[in-house]
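Participant: We have chain A; now place chain B onto it with these hints.
Here is what each chain is made of, one letter per residue.
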Amino acid sequence: MRSRDDEIVVVEGLSKSYRVRNLERQAMVENLLRWILGIDARRKKIYALNNVSFRVARGESLGIVGSNGSGKSTLLKIIAGIAAPSSGKVEVQARVSTQLALGSGFHPFLTGRENIFLQGSILGMTNRQIRALMPAIIEFAGLEDAVDRQLWTYSHGMTSRLGFAVAVHVPFELLLLDEALGAGDHAFRDRCAQRLESFRAAGATMIIVSHGSENLRLLCDRVMWMDHGEIRAVGPAVEIVDRYEEAVESGAPLRGEFHGTRGAQIL
Amino acid sequence: MASSFSETFTRPDLLRNLVWAELTARYKTTAFGVLWFIVNPMLMMGILVLIFGRIVNLDIPNYPAFVLSALLPWTFFSMGMTNAATSLSRAAGLVKRVRIPRAFVPLSALVAELVHFLISLVMLFALMALMHVRVSPLIVFLPVIIVLEMAFLIGAGLLVASLNVLYRDVEHILSPGLQALFYFTPTFYPLSYVPKPWVRWYLMNPMAGIIELYRNTLVAGWPASKMVVEMALITSMVTLVAGIVIFRRLEPHFDDYI
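Here the protein sequences line up with chains A and B, keeping their order.
Going by the working numbering, the letters in the first sequence line up with residues 1 to 267, in that order.
Going by the working numbering, the letters in the second sequence line up with residues 1001 to 1258, in that order.
Among the clues, some could well be false.
[Claimed, not checked] If we take Cβ atoms under 7 Å as the criterion, some of the chain B residues that face chain A in the derived model are:
#, residue
1, Asn-1017
2, Lys-1028
3, Arg-1097
4, Val-1098
5, Ile-1100
6, Asp-1255
[Claimed, not checked] Restraint-style ranges between C-beta atoms, simulated for each label pair:
#, chain 1, residue 1, chain 2, residue 2, range
7, B, Val-1241, A, Ala-94, 28 to 36 Å
8, B, Asp-1169, A, Glu-91, 34 to 42 Å
9, A, Gly-59, B, Thr-1010, 26 to 34 Å
10, A, Leu-37, B, Gly-1046, 43 to 51 Å
11, B, Val-1241, A, Asp-145, 48 to 56 Å
Because the hints were derived from the structure by calculation, they are not lab data.
Note that the Cβ used here is the ideal one computed from N, Cα and C, for glycine as well.
For reference, chain B alone in the conformation it holds in the complex:
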């Protein structure tokens, strides 16, 4: 009875209203609203371009576009994780007082981040136009890759959200964890820089493969290797299943711990 996970797919209006609440709440409280989530990746791009494009001097063509094509999906991931992790404890009123599919709480946080991500992609296309980087025909695969990242993010998000209900430690581990993971993801360097024997281990990080796929379709213009595609798919799907299983297992007890 308390387990209402199966309802998740039958109440689209509730999800829509929760996402709307999530988005409006954020923009009605800030003067610059939408601008803020563009500032973060732009600032990061500026720093990385300065350090690795000018100081360290990595010889990579169209470096700003190369970096931004990875930073946008990374920001989507890291903001999504941060928001999902605290979503249930922030929404105590929803968890403790009403009966809704509780997966909707982290899910609406993730969908709100997806909306930001899609809007922020406009920045990348503007930058590419400015730098005369040609859009490759591989762009048709972009929706598939977005779906893949979202699937991974749903799994990882359900996982951290439900574990954080038991142990608030999770939200504290998350920030340094994401920072560490950032360096093990091909954001400011290409995957080809990773030593060959390490690549399989390196790709155990689902975001590594996903970011590489984004870059291939958006700026590089050549297809990713079979191993990248395989590893991204496998690790994402495993995370998705693990997230759903753990969330369903812990969900009936949320009320006892929030």
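The following block holds chain A by itself, in its conformation from the complex:
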């Protein structure tokens, strides 16, 4: 498998399975040895992703929709390099900025400013780069008054704003966002959408996972509909989102719920 120059993400035959651990058997030593030696334990498998293949072109903006447990978050985690695929190939040729849950990695006892340093360095910046971007990040988050207070004094919305502000200031070629568009109040959500719009205009590549499909219509070129760990449909954003919403209203995708016990945990 070789990716062409204009393809930034290539996913081929990707599967992710979880084994159900048999804790009653207390087979700690056995399981440990199997794991270290890489011998497949004979246990029931649950597939979070099953033979998924797709490509994302440079400058493209891909949306992913699906019910809880459809595998969309797992997919994003594998692209981000946080989870390992069980089989198949994933090639990412880009500097990635990931925001899977806003403010993950934030520390409640650090101040907002200290958290910007921490989060910025988690996303790959040096302290010098962060210092240069600091005023812009604080302004974007609208936290001029609160930035030197400890994070635990922040409201949920303020924390999310800070997380989003850092994520969109990191230099990146590929932005991975999970459920990030629901953060903050209306004004902030508009600012986020504008920011993503301007990224898109500037030719950035984005993969956005969302329940809220309104933004996907506006922000994405293509949308991929995940169901039961498989791709149910891929196509132009408006068309796929329309079909997905129709299905949600008729209650069809809900049969995916049970399958997604694992997915629900990840969220």
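Facilitator: Relative to chain A, chain B alone:
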């Protein structure tokens, strides 16, 4: 891809910020802050001096300094292990949501403990001055011994941290394990009390050799035997390599188990 161990050495600012978070988090939540990690070894020293200096009456010169020179590096080790073991499961947000060199998580816990240890050494020097114990010229080797203990601790820390992700049993075994190991380490008695035929086995515990080296350089003032140096080096390096190998092997699966 998910394996990011090689990045460990290329992102010093991230490690620095994580250590800072680890340290501030601890001190911003306590009224006495820094004092707490001095209390623990001081209390232990008091008890050991009382029991083995007065009741059991071990005839060892400068016994308080003798004990403290071993207790400080021991506390560094045992706190480091305890913190490293739970570090990954405590930092679920870092492990499950962002991509960083995951070794940084236990590593930052260990570096924070190293900072405590270095500060606590001031106590020892104060005690030695108070008791008129002369600092020996061997003190120049102290940095080397600290590096050796840190190397061992990194290996052991990566090991318990990654195994604890799979089996939380590790953090429960750790506390009694450390307690047992304490008695097999020359903390309140000198290595010379250990029966000769046992010494090689005794030194299979890396901390035994390391503690003996600390004591030799800090208070005793004579060089350690060749066997002590050899065993401390070999066991530490084996632990370091084992820790790195196991951690790298298990790291891609952390997300599945936390």
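Participant: Each hint: holds or not?
Facilitator: Against the structure, the hints:
1. Satisfaction of the interface hint for B/Asn-1017 is found here, the shortest Cβ-Cβ separation to chain A being roughly 5 Å, below the 7 Å cut-off.
2. Taken as an interface hint, B/Lys-1028 checks out: its beta carbon lies about 5 Å from the nearest beta carbon of chain A, inside 7 Å.
3. At about 3 Å, the closest approach between the beta carbon of B/Arg-1097 and any beta carbon in chain A falls short of 7 Å, and the interface hint on this residue holds.
4. With its C-beta approaching chain A no nearer than about 5 Å, B/Val-1098 sits inside the 7 Å limit, and its interface hint holds.
5. Nearest Cβ of chain A to the Cβ of B/Ile-1100: about 6 Å, under the 7 Å cut. The hint holds.
6. Taking 7 Å as the C-beta contact cut-off toward chain A, the hint placing B/Asp-1255 at the interface holds, the least distance being around 4 Å.
7. Hint check: B/Val-1241 to A/Ala-94, Cβ distance near 34 Å, so the stated range 28 to 36 Å holds.
8. B/Asp-1169 and A/Glu-91 have their C-beta atoms about 38 Å apart, which keeps the hinted 34 to 42 Å range intact.
9. A C-beta distance of roughly 28 Å is found between A/Gly-59 and B/Thr-1010, which places it inside the suggested range of 26 to 34 Å.
10. Range check, A/Leu-37 to B/Gly-1046: Cβ separation about 48 Å, and the 43 to 51 Å hint holds.
11. For B/Val-1241 and A/Asp-145, the hinted distance range of 48 to 56 Å is satisfied, since their beta carbons lie about 51 Å from each other.
Against the hints set out earlier in the document, no violation occurs for any number.
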